[in-house]
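Chemist: Given the sequences, and given the hints that come with them, work out the whole structure.
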Amino acid sequence: MSALSSLARLEAVRAGVAQPLATVRHVHVSDAPLVLIPLKLAGEAAAPLAVMVGSAPDDPSLLVVPQPRNRDLRFAFAAELAKLVLNHIETSRGEVEELPPGKEGDDRIRYGNAPQLLVPNRGGVSFLRLVGRSTRFRSTEGPYAVDPAVPVLGRWLTWFADRHDHPGSSLLRAMTEVLRLHWATGQSSVEDGNLAALMGWIDPPDGLDGPAAAARAEDPVTCPPAGPATDPTFDNEVLAPAIAAYDRSGGDPRAGDRLRALIAGQLTPTWDLMWRAVDLLRAMPEGASVPRRWERDRDAFTYYHQTFGEAYPQARRDPPVRAARRLHDLERAQDAYEAQRAFDDPLVMAEHRLAGQAFGGPVTECDPARLDETGKRPKLRPLLRVRTADPVRLDIGTTVCNAARPALKGRIVEIGDGGVLLELTGGMGRKLTPEPGAVPQVGERVCFTSLTEGSFGAAKFPDREDTPWTHGGPPEEYVPTDEDAEEDWS
Amino acid sequence: MTETAPELDRLRGSAPPRNHDARTIAALTANPGCARRGLMDAAGVDKDAVARALGFPAPFGQSQFAITRGNAFEAQVKADGCAELLTLLRDRMGLAVSEVAYDDLEVVAGNEGRELRHTRTRRLLAQALGSGEGTLFDHPLLRLEIGGQLAYLEPDVIAFQIEGRLHVIEIKSFAVVDGQAEPEQVAAAARQSAVYVLALRRLVAELGHDPERVSHEVFLVCPENFSNRPTATPLDVRPQLAVLERQLARLTRIDRILDALPGDLTFEPGEHLADSVRTVEARYAPECMAGCEMAYFCRDEARACGATGALGRAVRDDLGGVDTIGTALGLADGSLSPSDDLAETAEQLRAAARLRAEALGTGHRDAVTAR
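In the order they appear, the protein sequences are chains Y and G. Under UniProt numbering, read the first sequence as residues 1 to 490, first letter to last. Under UniProt numbering, read the second sequence as residues 1 to 371, first letter to last.
You may find that some hints are simply not true.
As the list claims (entries may be wrong) - Example chain G residues on the side facing chain Y (calculated, C-beta under 8 Å, incomplete):
1) P17
2) L54
3) F65
4) G70
5) R143
6) Q348
7) L355
8) R356
9) L360
What the hints assert, rightly or not - Which chain G residues face chain Y? A few, computed with CB under 8 Å, are given here:
10) S14
11) Q62
12) R69
13) L95
14) V97
15) F226
16) A352
For the record, the hints were derived by calculation from the structure and aren't laboratory data. By construction, the Cβ of each residue, glycine as well, lies at the ideal position given by its N, Cα and C atoms.
Modeler: Right, dumping it as structure tokens:
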């Protein structure tokens, strides 16, 4: 949070409708994302109750576990879900792109597309992670055999949940998080966790304003929760009797159908909201670096898909080297993501300007042909004075770059009442006179920032055989055991 | 300390007093500055009933599936004189547990007052501390002074004595998967346990023993992975204890709040209920929704008067402590001129407003050139 986004919240209160926090869309939205709305049985860690899933608004599939405490029914559910999710994964690959060979001459390819999973909220992500954890070690033979698709689903869900932690990845996204990145509502972040209330502020139904729509969304009868937790009153008054009736009927399909209809009633409103949210996001122009980040997602997907057959299920806990490398990757991704968003979007850059890490305003003086002749060879060093009312908190000598064209770099020479004096150092061509249009002219509005994409490079980590003793030494090779496969899921 | 009791009884009206439970205790450290909650809890007011009478029922319903699961797990762990629990403490925690006596303090002789139950808790603990013998006490009834007022706590925990030290054992039905549980749930459990540790320490001190005989290490017993098998995890609650002790010391004293209130104030349901509740100042924050039955009423009140706090503590902090939305917006658009202490905040808000407008292309784009 910052004063800027807080101010946006106040404006939302005054306007009675959500206010923008972004001028472009910062996430990739697939043509056919797989929307997944899971429900779980209250009180259990990862007992699925139902899921509504599909990649077109008019074509939801509803899977229900009529007795969530029954282990066989759970695995039957997992197998059905696996077929839907795996089918989505296989159909989302697109054409294969041949890439130039790698450093060691190895063939490199990239799938032209990748699957995208959308869930309503963070709880949905956590739930998929747990379902992944509870299914990926299952054995497909022996006394506890499950459908071969079940452990495959577990591994993919685990992979998606891991990618969710990756800043800027769009492979698995929680809709509330995505919306909050783009809009500020007139309610607190606690209330924003409710998808219906959040959507009420962003896109209130006809005849209602944001507060009224959000108030309506808090009534679980009109707006059932978006999962994975169900409404306790629904559990006690509707679901429990229906499950009991199903048990008594001895698995009668009619009792099962009644249960499905009740659960469909709980999920359909969220299903509609999810697709409305997708439409809202699609209507925004895409940020300039979104395709680049999606390309990284496609790389990650290609790699995992290609190596799937030869890899084990993800370990319960990462060994030290992999954990360290992963943390490092996440930090770098976070750094790059923040910078990219700011370069893509003046409203995000405004946050950095308010924080003093960027400044903007009109150019008041410009000496585009200035040369620095103190060294052996003259260097092109144009001077630029930018008048700004921003609270600049950068030191003299800091390297900054132009927000509109980050290749144009400069160094802060002086900060005073007249603005900021910059000495431009790069991004103007190789000659002693700048390329036409490279140096901003007097009167032009510019924004310079100290943000850079990739402020720290990739670090080197030891191979797993060389894990230092401080981290427990080389870990044992992970091999799934029978115990993993037999673990209760009760 | 108890001279305020009749006044508190009057506040409650004819309803019987409510004991503190896990939720009120968690709320205690979350929002110590709220006079309304402090007073209602001290008087043992049924906040749930009050909120319902006010038309703002608290959405704290519990699913019967969760209740069944929680009870079944607890019953399983405690079955046969806590046989499974003892195995766990021996095998997992490596504790040398020998002969153990198990006392359930929940029911003394059917239907009796909390004073009686507390007395029994005291007596049994005194014996155990004196003899130093291994003992499990289930459902002890504890007391804690909160805002100058004694409050009864009914923890759903076991006090366990080993090698002369008492440990709190808390049984929770959330799962620990691969050694990890949901951080919020663990944090809540740690906060609650800290309250029990503190209350036990006070009791042990009253009994003339060293309060350090109550360990800061509590045992959290949860289902392991996706099974019903229990697992025990030691939890160091020293940080939570430190916070709790500081908050309790800072809590507005109940008698001071009472002094400032009209002498005939009561929370008895009736036409004046809303006015009575409003007489006592609340300090609403969105976090209240997780733990206080009055939250929806207080939120409505906070929103009606345009309090920035209703948007969250972070927003309020960003606004440099400006209390109302109208004032903040006025400072941001320059229609209000700030007092000296708000000058810096106002400057920040005006800069934010200018930058937003510039980025969104809505007016004052040339504010810079105009200056």
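Chemist: Does each hint hold? Answer for all of them.
Modeler: Structure-based check of each hint:
{"no.": "1", "hint": "P17", "verdict": "26 Å, violated"}
{"no.": "2", "hint": "L54", "verdict": "16 Å, violated"}
{"no.": "3", "hint": "F65", "verdict": "4 Å, holds"}
{"no.": "4", "hint": "G70", "verdict": "6 Å, holds"}
{"no.": "5", "hint": "R143", "verdict": "31 Å, violated"}
{"no.": "6", "hint": "Q348", "verdict": "5 Å, holds"}
{"no.": "7", "hint": "L355", "verdict": "4 Å, holds"}
{"no.": "8", "hint": "R356", "verdict": "6 Å, holds"}
{"no.": "9", "hint": "L360", "verdict": "7 Å, holds"}
{"no.": "10", "hint": "S14", "verdict": "29 Å, violated"}
{"no.": "11", "hint": "Q62", "verdict": "6 Å, holds"}
{"no.": "12", "hint": "R69", "verdict": "3 Å, holds"}
{"no.": "13", "hint": "L95", "verdict": "25 Å, violated"}
{"no.": "14", "hint": "V97", "verdict": "26 Å, violated"}
{"no.": "15", "hint": "F226", "verdict": "5 Å, holds"}
{"no.": "16", "hint": "A352", "verdict": "5 Å, holds"}
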